[in-house]
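Protein chains in written order, with the numbering used here: chain C, 213 to 451; chain V, 2 to 272.
Hints are computed from structural coordinates only; laboratory data are not their basis.
From the three backbone atoms N, C-alpha and C, an ideal C-beta is built for every residue, glycine too.
Take the hints with a grain of salt, since some may be wrong.
Unchecked claim - Cβ pair distances, simulated, as ranges:
1) V:118 <-> C:359: 47 to 57 Å
2) C:315 <-> V:141: 47 to 57 Å
3) V:30 <-> C:383: 44 to 54 Å
4) V:234 <-> C:334: 33 to 43 Å
5) C:354 <-> V:228: 17 to 27 Å
6) C:371 <-> V:234: 40 to 50 Å
Below are the chains, spelled out letter by letter.
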Amino acid sequence: MRSHPGKSGYLRLDGYPSNGLEQVSDSGIDKAFLKDQFPELIDLSDSHHAPRSQQGDLLTLIELPQLQAPQHAGLTGMDPRVKNQLEALQLHPDRYLHFGRDPELPNKDTLEFKKLESFSLSLNASVWDPPSLNTLWFELVNGAYGDVYRAKALMNLPDGRSMFFNWIVSQESSQFLPLEEISAPNGRPASLSELVVQGKHLDGLRIQSTIDLCLLNDAVLEMHQMPLRDRQKEAIPSA
Amino acid sequence: MNHAIISCLHANLPAVEAVLNDIDRQGIDTITCLGDLVGYGPQPNEVVELIRKRDIATCQGCWDEDIIDGLNACECSYPSQLAERRGHLAHQWTDDQLTDENKSFLASLPTSLRRDRLLFVHGSPNSQHEYLLPDMDAFAALERVETAGADILFCGHTHQPYVRELRDGSIRVRLQNADHDCDQGEELTLPMRKIVNAGSVGEPRHGSTNATYVIHNDTTDEIEIKEVPYDVGRTCQAIVEAGLPKVFAWRLSHGFEFAEQAEDASHVCER
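Just chain V, with the same shape it has in the complex:
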C-alpha cells in the first residue's frame, strides 16, 4: 500500500494545499508529516489548522519545538550570524501570530513516529536540529538508522529530497581493556538500510520552486520523490504583505540549491 510523507511545510499554505491535492488525486489516504509546520512562511495558523483538520500524523520539527520552548538552542542551530538574526525575526513574527490552540497542538507533537520497521523523524533520531545530509559519513548514517532500530528512516530538515541506500553495512566494536591486557570485539553485519529525505513542501531548496514529498510502497519498498508545482507568487506576495523579510520571498521564488550549512551539520545541540 502506498503512503505519503511530507515535511518542512513552513507556513506556506498554497504549497501545502497543492501537495495534499496531489496526494488525494492518487487515492493515498495515509500521510505522515515530519514537522516544521511553521517558520519563514506567512500562514502559520492556516497550515497548522489544515494539518489538524486532516488529522495527519505529525512529528515535531525544530521550528515547532522552538516556538514552544523558546530560542534556547545554542547558536549551532544557525549556520551564520545572518541566518540566526533572520531566523529570530521570523520566530518572533510566528510567535506573535500563532493562536494558543495551535501552539498547544505543536507542543503535543511527538519527536518521532514509528510504524513497524519504519521510523519518521524531522532531523535525525537524535534531535530535530541534526541534519542528515546526503553526503554524510556512511558509518555515521548507518549508526543513526541502526541505533533507532529502523529499516527505513524518513527525515526532512535539509529541504533537499534524497534516497540513500546503505548496503552491506557492518559495524565493528572493539574493546581494549588496558588493565587485563585483553581484546574483546564484535562485528555486526547489517542488512540494507535506507534513509529517505522528503525534501520540503513549503521551502524547497533543490534547484526548483516545486514542492517535494515522497511516496513509499510498504509492500515493495519502492520510493518515489514527487515534485508539485504551486502558486509561488501567491506565497511570495503574502510574505511581503505580512512584513516578513523580502529576502524570504526572493529565496522561495528561486528555489535555489544554495543553502547555508553549519560547519558541523551533525552537531547535536545540547540544551
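Excised from the complex, chain C in its bound form:
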C-alpha cells in the first residue's frame, strides 16, 4: 500500500462457519491500524464507497476469515457465498490462492488446527502500565494462558501513544508498531483498543484477571500524565 501510487481501500468480508469451526468476529483492529497509517484509506464496507470500474488505480486489501483449506484448487475452490459477496461489489477474482497449498504464498504462515478457540476483549479507555504490558504479552505468546497461534491488539500507553501488537506462532517474534495518531496525555484516550487471541485451551478468565492487574487506575494514570503535560507547557514559548 505504501508503494502504490493510487488510492487504497480496505474491505472486511464475513466468513462462514463450517465443520464446527468457530468463526472469527471482526475486532476492527486491522481497519483501525490501516486507517491510522493511511488516513485516506477508503472503507469499502461503506456502500457509498463500493468499488467502481472508474477507480482502476484502487488497491484493495480484502480480509476474509477462513479457517480451513479449500477442497479444490483454483477458483473452483472458492466458497460460492464469498464469490457472491465479491461480485456484489463488482469484484471478479481471476486467481484464488491459499496458504499451505499454493507455492506463491509463504508456507511458514500456515497453521493447521482442527478446532480454533478465540478470545477477544474490548480494552477501550484502558491504559496500560508499560512494563506490565511487556510481561503480559511475553506470557501470552509463550503459552502461559494456553497455546496461542495468533494474537493481535491495539493497546494504549499513558503518554498518549497507541501500539499495534501482532503475533503469529510461525514467526520468530512479535511485531510492535506505534500508531501515528497520539492522544493528548489528558485522561483516557477515545481510540479503539482491543485484544484478540486465537489458539487452543485458552484460559480467558486468567488472561482477563492478569490484564486487570496491568491496567492503570485514574490516580496512577494522572501521576504518569501530569509531568508530561507540564513538560509540554514548558516547551511552548511564552508570548
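Given the coordinates of chain C, work out where chain V should sit on it, guided by the hints.
Relative to chain C, chain V alone:
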C-alpha cells in the same frame, strides 16, 4: 578447600533438597546461603526448617526482610505494576503460612556475612533490594566491592549466575575547592576483584529449569557454577495446589531467561 554458596531458594523444597544432595555428594561441608528462603514457592516452612536443621550460615534476603518488616519498601522493589501485585499476593500467602518460630529465624539473619576477604550478601553490600547485574557499569561494580572491603563479593538476587572479574581497576578521586582555588586528587590502583552471583536454587531464570549454585575453592580462588536438575513438576503441582498464581508454576517450568528489570536496577530503596 571447597565451599558452596546457594541463594534464592524461594520456598522450593525439591530444588533445595536436590542442590544439598549434590553438595553432599562432593563432600563439601561448608555452605553459605545468600537468603530469600521464602517467596513465590509453596513450601516456605519446610525450606526454612531444612536450612535451620542443617545449620547453614545464612544472610537475609529481600523476601526474608519484607516478611519480617512488612511491605514498606517503595515501589522501586518491583519493576512493574503486575510484578508488584503478584508479589503482594505471594507475600500475603507466605506471611499466612510461616510459623512464628520460622519468622523469628528470618528476623535473626544478618544482612551480610564475612569470611576473611570474602563477603556474602543477598543483593549488594548496600541493600538486599539492589541488583548487581552482570552488565552493571564497571566503576559502580568496583565501587561496591571495594567499599565493602572484599576481594570477592558473593551475591544473588538476580537469579542469573555469573562470575565477573574486575581487572586493573582504579578509582580516581578529585576534590576541587572553589574558595581556595586548589585541586586535590588521589588515584587508587586496585588488584583484581570478583563478583560472583550464585543464581537461584528455587527460581532459576538463566534459560534452563535447573537449579544453580556456586563452588569456590578458597585456596585457588577457582569458581564453578553448578547446575542441578530437580523435579520441577512436583514444585509446580504444589504451587497450584497451594492456590498460588498458576503463572508462578508456568514461569518455573520454563526457566525463562526473561525477567522483568526495573528501569534503574541499582536504585536503593530508601525506607
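Query raised in the report: Is the hinted range of 17 to 27 Å satisfied by the C-beta distance from residue 354 of chain C to residue 228 of chain V?
Result: About 22 Å separates the Cβ atoms of residue 354 of chain C and residue 228 of chain V, which means 17 to 27 Å holds.
Query - Distance restraint hint 33 to 43 Å, applied to the beta-carbon atoms of residue 234 of chain V and residue 334 of chain C - result: holds (37 Å)
Query - Verdict for residue 315 of chain C, residue 141 of chain V (Cβ pair) under range 47 to 57 Å - result: holds (56 Å)
Requested in this report: Go ahead and decide if the range 40 to 50 Å is satisfied by the Cβ distance of residue 371 of chain C to residue 234 of chain V.
Outcome: holds (42 Å)
Query - Consistency of beta-carbon spacing, residue 359 of chain C to residue 118 of chain V, with hint 47 to 57 Å - result: holds (52 Å)
Query - Outcome for the supplied range 44 to 54 Å, where the beta carbon pair is residue 30 of chain V and residue 383 of chain C - result: With Cβ atoms ~52 Å apart, the hint holds.
In terms of the numbered hints stated before, the structure departs from none.
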